[in-house]
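Generate coordinates for the entire structure from the input sequences, incorporating the hints supplied.
In the order they appear, the protein sequences are chains A and B. Here this note's numbering is used: position 207 in the first sequence is 207, and no number is missing along the way. Here this note's numbering is used: position 170 in the second sequence is 1170, and no number is missing along the way.
Hints may contain errors.
Below are the DSBU-like pairs computed for lysine-lysine, each with C-alpha atoms no more than 35 Å apart in a straight line [as the list claims (entries may be wrong)]:
| # | chain 1 | residue 1 | chain 2 | residue 2 |
| --- | --- | --- | --- | --- |
| 1 | A | Lys19 | B | Lys1137 |
| 2 | B | Lys1154 | B | Lys1108 |
| 3 | B | Lys1110 | A | Lys19 |
| 4 | B | Lys1198 | A | Lys19 |
| 5 | B | Lys1198 | B | Lys1017 |
| 6 | A | Lys282 | A | Lys67 |
| 7 | A | Lys337 | A | Lys295 |
Sample of chain A residues at the chain B side, in silico, Cβ under 10 Å [said to hold, decoys possible]:
| # | residue |
| --- | --- |
| 8 | Leu7 |
| 9 | Phe8 |
| 10 | Pro172 |
Hints listed in this document are in silico derivations from the structure and should not be mistaken for laboratory results. All C-beta atoms in this analysis are idealised placements derived from N, C-alpha and C, irrespective of residue type, glycine included.
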Amino acid sequence: MRIFWLLFSYEWRHFRAAKGLVLLCALLLLTGLYGIYYGTTEMERQRQHLTTLPELSRRNVEELKVKFPGPADAGDIGYYHTTYAVHHPDAWAALSLGQRDINPYYVKLRLLGLQNQLYATDNTNPMKVLSGNFDLAFVLVYLFPLLIIALSFNLLSSEREEGILTLLLAQPVSPGVVVGAKLAFRLAVVLGLAWLLSVVGMLWAQVPLDGRVLTWLGLSTLYCLFWFGVALVITALQRTSAFNAVALLGVWLLLVVLVPSLLNLGVAAAHPVPQGIELTIKQREEIHAGWDRPKTQTMNRFFALYPQWRDTATIRERFVWRWYYAFQHLGDLAVAKQAAAYANGLQQRYDLVEKLNLLSPAINAQSSLNALAGTDLPTHLKFQRSATAYHDALRAFYYPFLFRKVEFTHADYAREPTHTFTSQPELSTALRGLGKLLLSVGVVFAAGLLLLRARPINPR
Amino acid sequence: MNYILEARDLRKEYPNKLALQGLNLQIEPGEVFCLLGQNGAGKSTTINLFLGFIAPTSGAAFVNGMEVAANPLKIKEHLAYIPENVMLYPHLTGLENLALFSSLAGFKYKEAELLDYLHHAGLPAEAVRRRVGTYSKGMRQKVGIAIAVAKHAKVLLLDEPTSGLDPKASNEFSQLLTQLSAEGTAVLMATHDIFRAKEVGTRVGIMREGELVDVRPTAALNAQELEQLYLTYMHN
Chain A
1 MRIFWLLFSY EWRHFRAAKG LVLLCALLLL TGLYGIYYGT TEMERQRQHL
51 TTLPELSRRN VEELKVKFPG PADAGDIGYY HTTYAVHHPD AWAALSLGQR
101 DINPYYVKLR LLGLQNQLYA TDNTNPMKVL SGNFDLAFVL VYLFPLLIIA
151 LSFNLLSSER EEGILTLLLA QPVSPGVVVG AKLAFRLAVV LGLAWLLSVV
201 GMLWAQVPLD GRVLTWLGLS TLYCLFWFGV ALVITALQRT SAFNAVALLG
251 VWLLLVVLVP SLLNLGVAAA HPVPQGIELT IKQREEIHAG WDRPKTQTMN
301 RFFALYPQWR DTATIRERFV WRWYYAFQHL GDLAVAKQAA AYANGLQQRY
351 DLVEKLNLLS PAINAQSSLN ALAGTDLPTH LKFQRSATAY HDALRAFYYP
401 FLFRKVEFTH ADYAREPTHT FTSQPELSTA LRGLGKLLLS VGVVFAAGLL
451 LLRARPINPR
Chain B
1001 MNYILEARDL RKEYPNKLAL QGLNLQIEPG EVFCLLGQNG AGKSTTINLF
1051 LGFIAPTSGA AFVNGMEVAA NPLKIKEHLA YIPENVMLYP HLTGLENLAL
1101 FSSLAGFKYK EAELLDYLHH AGLPAEAVRR RVGTYSKGMR QKVGIAIAVA
1151 KHAKVLLLDE PTSGLDPKAS NEFSQLLTQL SAEGTAVLMA THDIFRAKEV
1201 GTRVGIMREG ELVDVRPTAA LNAQELEQLY LTYMHN
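Below you can see the structure in the form of structure tokens.
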């Protein structure tokens, strides 16, 4: 151990002398801080936005009270009244934004057909979406491996190329201890940075201090260890620094860019999902056709679903709200299969990626961090189901007014259901990811150690 | 007889080359054995096999009675090595490099002692606290000598150690070897320098194409005879 710590302490001196590496670490620290700033700012923006929604709802009610000063037809209220299904972020979302930038974090709802409202989102700059989120998870998953590569590509090769290794290994020093001390020092630098950024991020985002703190640290530690394991394998091949750099960057490109892209293509081919636009068009066509269809036909289809309203008066008027909402409702039912197929397809794609992400620890780490932060696809799908249930509750609230011809009074606004949904972490996914990362780390380190054993280090 | 260095039928074969064929060699404590031969004759291969840097294809190398392959770390406690071109950590000073390598060898010296080793190796006093990156090859060689001497090893393995040294420093190095030899240190030195071999060696061995073709005590030959012998083997 004495030799190990001696080499470890001299690694610090070598590191200090390599100004470029010190600068790179400083740069990554700043980048990580920016990632935390970006994530917390984005979450703050979303939270601010969400806090304005109840006020918007309240103003809308005030306007309706002016527009309909006395008891009103609930159909009018349902048509004009806007309410919101809101998806509150977990505090961890600031560290791993996941899909919160591409999926809507609130849905503006009226009593109309649900499906086109469910997928109506604010316009987003596609270039911004293309570049992805610059949050802490991005820095850890995509940029930290590059730092590890910069620190480790010449782990032994530089000393071999400079001729120092012959004198070093002429001492009673095990080559394994030399490699171990060098790796351990670099690991300390990288983990020090990763943990520092993580702790700063957690404090900045004010996350609750629960088991997720350890899970996050465990995920980032194992992910960094994986890349050090890759560096060990390449080092064990005992090639030149140039070869090592190209090989490590190749592995980075493969695991961080190519495998995820290929996986994306493969998964999309394996589980095709209906296009959202098809669903929207079909629903709109169904709803528009509702205007021309005989009212009895529409109402009979509706009563088949809601027999409790079958005894209500036959519609003879040119327009009544209950008929209008009935064909809106039937519009949703017409695309129910597609909507379910769309959600199931997304879930199946996600599940398949979860099974295959052992191929790319980068995907595994990213999805695990997203799961931990409650910003992954399953959480979004849960929110959609919650919004759907909320819309059902709105229908259940308004239909008695419509079908029993009860007037809607100002007091009824307060009885209208409201919605809230807060992300919950997908802890099982995160823990599964932790296990897979552990396996990946075991595989690369075993491969590296076996290679080192099979090919003793040649100092020349 | 206890040999400090011994090679038994030591053979090293590469896919396209036979680097060393059946070397048998015994070196006693206090002996200075000089290996002469052209480039590629097998001198450095012999030293690398004793250092355990490469594994023999067959046969065995022994240091202080221990087989190198079986005791790769233990044997290095008894060996000091000076390569043809001593390379050190360029951002550390000569003093710091000596401190590092001495510590790795298990010696914890005070600064005054380290300075003494560097002084005796011939490194100018003004250079000891300068970064090695600013050193000439000869100055690095002197730090390498200081590292080897400070290790107090039973065996010195030298691969063209005076390469890059000026004549005065080479001469001082020869004196140092003579002194270490008198103290019981065995030396195995690969060299092209016939006259240096004659000057410091107790025996010389001539290598050709991986084979030790002749071994003579230096006392039995003068420098010219040794040169003639060497050239004869080389031309044959």
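Evaluated hints:
no. : hint                  : in the structure
1   : A/Lys19 - B/Lys1137   : holds (25 Å)
2   : B/Lys1154 - B/Lys1108 : holds (18 Å)
3   : B/Lys1110 - A/Lys19   : holds (30 Å)
4   : B/Lys1198 - A/Lys19   : violated (48 Å)
5   : B/Lys1198 - B/Lys1017 : holds (30 Å)
6   : A/Lys282 - A/Lys67    : holds (34 Å)
7   : A/Lys337 - A/Lys295   : holds (24 Å)
8   : Leu7                  : holds (8 Å)
9   : Phe8                  : violated (12 Å)
10  : Pro172                : holds (4 Å)
Hints 4, 9 from the earlier list are contradicted by this structure; the remaining hints agree with it.
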